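K.L.:
In case you want the letters, here they are:
Number of protein chains: 2
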Amino acid sequence: MPHKSASVKPIPDIVVGRLPFYLRTLRSLAAEGRDITSSLELGTRLGLTSAQIRKDLSYFGEFGKQGLGYNIPFLVGQLRRILKVDRVWEVVLVGAGDLGRAIAHYHGFHDRGFEIRMVFDSDPAKIGQSLADFKIGDMETMVDKVRAAKIRIAMLAVPATAAQKVADLLVKAGAKAILNYAPTALVVPKGVTVQNIDPAAHMQHMTYYLES
Amino acid sequence: MPHKSASVKPIPDIVVGRLPFYLRTLRSLAAEGRDITSSLELGTRLGLTSAQIRKDLSYFGEFGKQGLGYNIPFLVGQLRRILKVDRVWEVVLVGAGDLGRAIAHYHGFHDRGFEIRMVFDSDPAKIGQSLADFKIGDMETMVDKVRAAKIRIAMLAVPATAAQKVADLLVKAGAKAILNYAPTALVVPKGVTVQNIDPAAHMQHMTYYLES
Numbered sequence: 000m001p002h003k004s005a006s007v008k009p010i011p012d013i014v015v016g017r018l019p020f021y022l023r024t025l026r027s028l029a030a031e032g033r034d035i036t037s038s039l040e041l042g043t044r045l046g047l048t049s050a051q052i053r054k055d056l057s058y059f060g061e062f063g064k065q066g067l068g069y070n071i072p073f074l075v076g077q078l079r080r081i082l083k084v085d086r087v088w089e090v091v092l093v094g095a096g097d098l099g100r101a102i103a104h105y106h107g108f109h110d111r112g113f114e115i116r117m118v119f120d121s122d123p124a125k126i127g128q129s130l131a132d133f134k135i136g137d138m139e140t141m142v143d144k145v146r147a148a149k150i151r152i153a154m155l156a157v158p159a160t161a162a163q164k165v166a167d168l169l170v171k172a173g174a175k176a177i178l179n180y181a182p183t184a185l186v187v188p189k190g191v192t193v194q195n196i197d198p199a200a201h202m203q204h205m206t207y208y209l210e211s
Numbered sequence: 000m001p002h003k004s005a006s007v008k009p010i011p012d013i014v015v016g017r018l019p020f021y022l023r024t025l026r027s028l029a030a031e032g033r034d035i036t037s038s039l040e041l042g043t044r045l046g047l048t049s050a051q052i053r054k055d056l057s058y059f060g061e062f063g064k065q066g067l068g069y070n071i072p073f074l075v076g077q078l079r080r081i082l083k084v085d086r087v088w089e090v091v092l093v094g095a096g097d098l099g100r101a102i103a104h105y106h107g108f109h110d111r112g113f114e115i116r117m118v119f120d121s122d123p124a125k126i127g128q129s130l131a132d133f134k135i136g137d138m139e140t141m142v143d144k145v146r147a148a149k150i151r152i153a154m155l156a157v158p159a160t161a162a163q164k165v166a167d168l169l170v171k172a173g174a175k176a177i178l179n180y181a182p183t184a185l186v187v188p189k190g191v192t193v194q195n196i197d198p199a200a201h202m203q204h205m206t207y208y209l210e211s
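Protein sequence lines correspond, in order, to chains A and B.
With numbering that gives the first Met the number 0, the residue at position 27 of the first sequence is 26, and numbering never jumps.
With numbering that gives the first Met the number 0, the residue at position 66 of the second sequence is 65, and numbering never jumps.
Read the hints as simulated data drawn from the structure, not as lab findings.
Computed from a predicted model, the values in this text were never measured in an experiment.
Misleading hints may appear alongside valid ones.
Which copy is meant is left open, because identical chains are indistinguishable; a pair holds if it fits in one copy or across any two.
Heads up, simulated SDA-like pairs for lysine to any residue below, C-alpha to C-alpha not over 20 Å straight-line [to be verified]:
(1) K54 <-> S37
(2) K171 <-> L209
(3) K149 <-> A30
(4) K171 <-> S121
(5) K83 <-> G190
(6) K189 <-> E40
(7) K54 <-> P11
(8) K171 <-> T192
(9) K164 <-> L28
(10) K189 <-> S49
(11) K189 <-> E210
(12) K83 <-> E31
(13) K54 <-> I13
(14) K134 <-> L45
(15) K189 <-> R146
(16) K189 <-> T48
(17) K175 <-> G16
(18) K125 <-> D97
(19) K175 <-> G46
Can you build the whole structure from these sequences, using the hints too?
P.N.:
Structure representation (structure tokens):
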């Protein structure tokens, strides 16, 4: 079997997707005043086996010392660096309906690496209105403004019927990452990442396990 | 190697979690007037390989005929049955803040098997107010009302600091599935399923792939 160094071992996307939850849990532990944790404790908090935790973290190097557990502040720092949230990313929000309003008012983004900087909508009744700290911009101006600000991350909170069209405009504006709240699959070019928030899908995932 | 019949092959949770997205995509195809699809087309729409799609669906029996593709209405019916959304589940929503309001106004649940029936909040200023088709109930009455209505699915849209306490009450009320919008891990007894909606975690998943 050919030798593979840790640096070239491809990291499965499913593992990358778990890292934010590791980071979140480690920061909770830190907030509780804790310095050291174990794969067992992390597993219990996250609903994963300790073997899974050790395997996931091993992709990124040797974080734990045998028998000594994980140093929480160190691991938090490493995960923030790996996930590139040891900085704050500017974000554009498209859609100022009920959901867009809830997103704009949500205070949990900044602390985790994100700051909404612009909000757009196509509804003339909404354009120019205030929303949280923003004035809602005209969708017609979105591409130019997002491109000028070099914003690469977007949140898409528009109806499913408009989502693909808006995604195309966001890609044109230079977006490389789109958080899609519309219950529809977006087609984007290579090099653009999409993550979907679909509560009904999560609900259906759970009903699988319910007794009828 | 011992023979395993399809009916006893354990279905990985990760596969179960993809089925709602298969169902969503198949229903989109059906809405476009299509009758037949292929693992290749499903894969393209879902960002998965066709091999992955075939493997996932094989857990549930032989849905496709070699060379003929998948019959969309049949597969939709099978997935709805497997996910137990060939019925409508009653849901309780706890939290009537910005996010709770957006959830209560969202029209995408019923068509996918869910109907919010009750909304609760602990804020005296909100209790008794109208929200969508509901009157916001007093959190103090939640356990009794949810138990009496035999509602087993809950959406939790309260601040992180209150989430565990409310989850404990929901479990007491008989909830078996909780969709948690608070950015905190819930501890629940065996037999209760939790799914988390954490947009910041999805964003961090994407920044991993961004150039700094």
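K.L.:
Give a verdict on every hint.
P.N.:
For each hint, the structure was consulted:
1. When the C-alpha separation of K54 and S37 is checked against a cutoff of 20 Å, the pair qualifies only within one copy, where the shortest distance is 13 Å, while the shortest distance between copies is 35 Å.
2. With identical chains, the CA atoms of K171 and L209 are at most 20 Å apart between copies only, with a shortest distance of 17 Å across copies and 43 Å within one.
3. Proximity of K149 and A30 under a CA criterion of 20 Å is satisfied in neither setting, with 34 Å inside one chain copy and 37 Å between copies.
4. Within a single copy, K171 and S121 get their C-alpha atoms as close as 17 Å, which meets the 20 Å cut-off; across copies the closest is 45 Å, which misses it.
5. For the homomeric pair K83 and G190, the shortest alpha-carbon distance inside one copy (17 Å) is at most 20 Å, but the shortest distance between copies (36 Å) is not.
6. Taking the closest pair of Cα atoms, K189 and E40 come within 20 Å of each other only across two copies (17 Å); inside a single copy the shortest separation is 38 Å, beyond that limit.
7. Both within a single protomer and between protomers do K54 and P11 lie at most 20 Å apart by alpha-carbon distance, with minima of 12 Å and 18 Å respectively.
8. Proximity of K171 and T192 under a CA criterion of 20 Å is satisfied intra-copy only: 14 Å inside one chain copy versus 40 Å between copies.
9. For the homomeric pair K164 and L28, the shortest alpha-carbon distance between copies (18 Å) is at most 20 Å, but the shortest distance inside one copy (42 Å) is not.
10. For a Cα distance limit of 20 Å, the shortest separation of K189 from S49 across copies, 18 Å, qualifies, whereas the shortest one inside one copy, 35 Å, does not.
11. In this assembly of identical chains, the alpha carbons of K189 and E210 lie at most 20 Å apart only when taken from different copies (14 Å versus 41 Å within one copy).
12. Taking CA atoms no more than 20 Å apart as the test, K83 paired with E31 passes in neither setting, with 24 Å inside one copy and 40 Å between copies.
13. Proximity of K54 to I13 under the C-alpha cut-off of 20 Å is found in both arrangements, the shortest distances being 12 Å within a copy and 17 Å between copies.
14. Proximity of K134 and L45 under a CA criterion of 20 Å is satisfied in neither setting, with 39 Å inside one chain copy and 35 Å between copies.
15. In this assembly of identical chains, K189 and R146 lie within 20 Å of each other by CA distance solely inside one copy; the values are 19 Å within and 49 Å between copies.
16. Taking identical chains as interchangeable, the C-alpha atoms of K189 and T48 lie at most 20 Å apart only when they sit on different chains, with a minimum of 15 Å there against 34 Å within one chain.
17. Proximity of K175 to G16 under the C-alpha cut-off of 20 Å is restricted to the intra-copy arrangement: shortest distance 17 Å within a copy versus 25 Å between copies.
18. In this assembly of identical chains, the alpha carbons of K125 and D97 lie at most 20 Å apart whether taken from the same copy (12 Å) or from different copies (17 Å).
19. Proximity of K175 to G46 under the C-alpha cut-off of 20 Å is restricted to the inter-copy arrangement: shortest distance 16 Å between copies versus 31 Å within a copy.
Of the hints listed earlier, those the structure fails to meet are numbers 3, 12, 14, in rising order.
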